[in-house]
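Enquirer: Each chain is listed here by its residues.
2 protein chains.
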Amino acid sequence: MDPTYNDIIAFHGHSCPGLAIGYRMSKAALAFLSESRSADEELVAIVENNACGVDALQCLSGCTFGKGNLIFKDYGKHVYTLYDRTSKRGVRVVFNDRYVPAGMRQDREQFITWLLSAPEGTVVSLKEVQIDEPEPARIMKTVMCSFCGEGVMITRTREIHGKLACIPCAEKIERSSAV
Amino acid sequence: MDPTYNDIIAFHGHSCPGLAIGYRMSKAALAFLSESRSADEELVAIVENNACGVDALQCLSGCTFGKGNLIFKDYGKHVYTLYDRTSKRGVRVVFNDRYVPAGMRQDREQFITWLLSAPEGTVVSLKEVQIDEPEPARIMKTVMCSFCGEGVMITRTREIHGKLACIPCAEKIERSSAV
Chain C
48 MDPTYNDIIA FHGHSCPGLA IGYRMSKAAL AFLSESRSAD EELVAIVENN
98 ACGVDALQCL SGCTFGKGNL IFKDYGKHVY TLYDRTSKRG VRVVFNDRYV
148 PAGMRQDREQ FITWLLSAPE GTVVSLKEVQ IDEPEPARIM KTVMCSFCGE
198 GVMITRTREI HGKLACIPCA EKIERSSAV
Chain S
48 MDPTYNDIIA FHGHSCPGLA IGYRMSKAAL AFLSESRSAD EELVAIVENN
98 ACGVDALQCL SGCTFGKGNL IFKDYGKHVY TLYDRTSKRG VRVVFNDRYV
148 PAGMRQDREQ FITWLLSAPE GTVVSLKEVQ IDEPEPARIM KTVMCSFCGE
198 GVMITRTREI HGKLACIPCA EKIERSSAV
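Protein chains in written order, with our numbering: chain C, 48 to 226; chain S, 48 to 226.
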């Protein structure tokens, strides 16, 4: 039932070295935790980039942008930390840039094949880590913006002239009063 | 070939009202633009929340977190703007919170069924919009952090004592020198 690399290509839209890197990182981290996909929020992922590989992680781990269990830190690193709320264990997985054979990156297809087939210990490094358990995602009440009439999460409103405004309306009003 | 609602459940992990909302919003926006899934970056989505529905959008539009064509604005609103780089057309789609019949939300399954089957004009509003074309995602060079030895995107490095550091190493060094 786990998504195959082809299922992940279908989600991402194409195959590329980044997707293959994320595939190997995610498979290794899930195996380390002896976990499969997260139907709800059992797993949480902290990703240190927003490159192609994160799409493989979303498919394989079930830590998705829309479920709130995908936390983005904009560090530009091929590093994911996967945390299991049930076992309270965490694993940090790193792509081993430096172990890629010289010249391998020049042929894109050859590089993808290498990434998908090289031994796990060559492609990634894994380390058990202790982290503070991330807060679960919360569903907030929706209210209506008094200005545009559209629904907005109560925690994302501002008060303008004693009325609730969504952020885009509040900013528009602030800009027009500044003129 | 387009993902079905069941395919989207498989990606998200479960069905819920939020997922059904995102499904209807995404289907309507894609039909408005006469577009199907984005294999590369033909489509760009600007999403005004990070709720469950965005997972439906990722599956249906191919605007995914890992591909860089999913732009998040944290406004807490069920609003997506979908832009087509080919036709240069954009559409803004809004979930019509206020048209949900009274009492409907109390039964989760009934609410999902209603969301999936009510007429499009009841569930969502669509409007053609002009927006500035978002920049495409760029792939940056990877360098090695002089401190941890891990790969890091060149644009996410800092200089510490004349050497390149990744952000986590830079912050660790800054914290330890502050003590």
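Where hints are given, some of them may not hold.
Any copy, or any two copies together, can satisfy a pair, since identical chains are not distinguished.
Below, a list of computed lysine-lysine pairs in the PhoX-like style, where the Cα atoms sit at most 20 Å apart [said to hold, decoys possible]:
1. 174 - 74
2. 135 - 210
3. 210 - 188
4. 135 - 188
5. 135 - 219
6. 120 - 174
7. 135 - 174
8. 210 - 74
9. 188 - 120
10. 174 - 188
11. 135 - 74
12. 219 - 74
13. 219 - 174
14. 210 - 120
15. 74 - 188
16. 174 - 210
17. 188 - 219
Simulated from the structure, these hints should not be mistaken for laboratory data.
Enquirer: The structure should be examined with respect to each hint, and the outcome stated for every one.
Expert: Verification of the supplied hints:
In the homo-oligomer, the alpha carbons of residue 174 and residue 74 lie at most 20 Å apart inside one protomer (14 Å), although the nearest pairing across protomers, at 42 Å, exceeds that limit. In this homomeric assembly, residue 135 and residue 210 never come within 20 Å of each other (Cα to Cα): the closest approach is 44 Å inside a single copy and 36 Å across copies. In this assembly of identical chains, the alpha carbons of residue 210 and residue 188 lie at most 20 Å apart only when taken from the same copy (17 Å versus 48 Å across copies). Taking the shortest alpha-carbon separations for residue 135 and residue 188, neither the intra-copy value of 30 Å nor the inter-copy value of 35 Å comes in at or below 20 Å.
When the C-alpha separation of residue 135 and residue 219 is checked against a cutoff of 20 Å, the pair qualifies neither within a copy, at 45 Å, nor between copies, at 25 Å. Proximity of residue 120 and residue 174 under a CA criterion of 20 Å is satisfied intra-copy only: 19 Å inside one chain copy versus 33 Å between copies. In this assembly of identical chains, residue 135 and residue 174 lie within 20 Å of each other by CA distance solely inside one copy; the values are 15 Å within and 46 Å between copies. Taking the closest pair of Cα atoms, residue 210 and residue 74 never come within 20 Å of each other, the shortest separation being 49 Å inside a single copy and 33 Å across copies.
For the identical chains of this complex, residue 188 and residue 120 are inter-copy neighbours only, at 18 Å across copies versus 27 Å inside a copy, given an alpha-carbon limit of 20 Å. Taking the shortest alpha-carbon separations for residue 174 and residue 188, neither the intra-copy value of 39 Å nor the inter-copy value of 26 Å comes in at or below 20 Å. In this homomeric assembly, residue 135 and residue 74 come within 20 Å of each other (Cα to Cα) only inside a single copy, at 19 Å, whereas the closest approach across copies is 38 Å. Within a single copy, residue 219 and residue 74 get their C-alpha atoms no closer than 46 Å, and across copies no closer than 29 Å, so neither meets the 20 Å cut-off.
Taking the shortest Cα distances, residue 219 and residue 174 sit within 20 Å of each other only across copies (19 Å), while inside one copy they are farther apart (48 Å). Taking the shortest alpha-carbon separations for residue 210 and residue 120, neither the intra-copy value of 34 Å nor the inter-copy value of 22 Å comes in at or below 20 Å. Taking CA atoms no more than 20 Å apart as the test, residue 74 paired with residue 188 passes in neither setting, with 37 Å inside one copy and 25 Å between copies. For the homomeric pair residue 174 and residue 210, neither the shortest alpha-carbon distance inside one copy (51 Å) nor that between copies (26 Å) is at most 20 Å.
When the C-alpha separation of residue 188 and residue 219 is checked against a cutoff of 20 Å, the pair qualifies neither within a copy, at 24 Å, nor between copies, at 38 Å.
Comparing the model with each earlier hint shows violations of hints 2, 4, 5, 8, 10, 12, 14, 15, 16 and 17; every other hint is respected.
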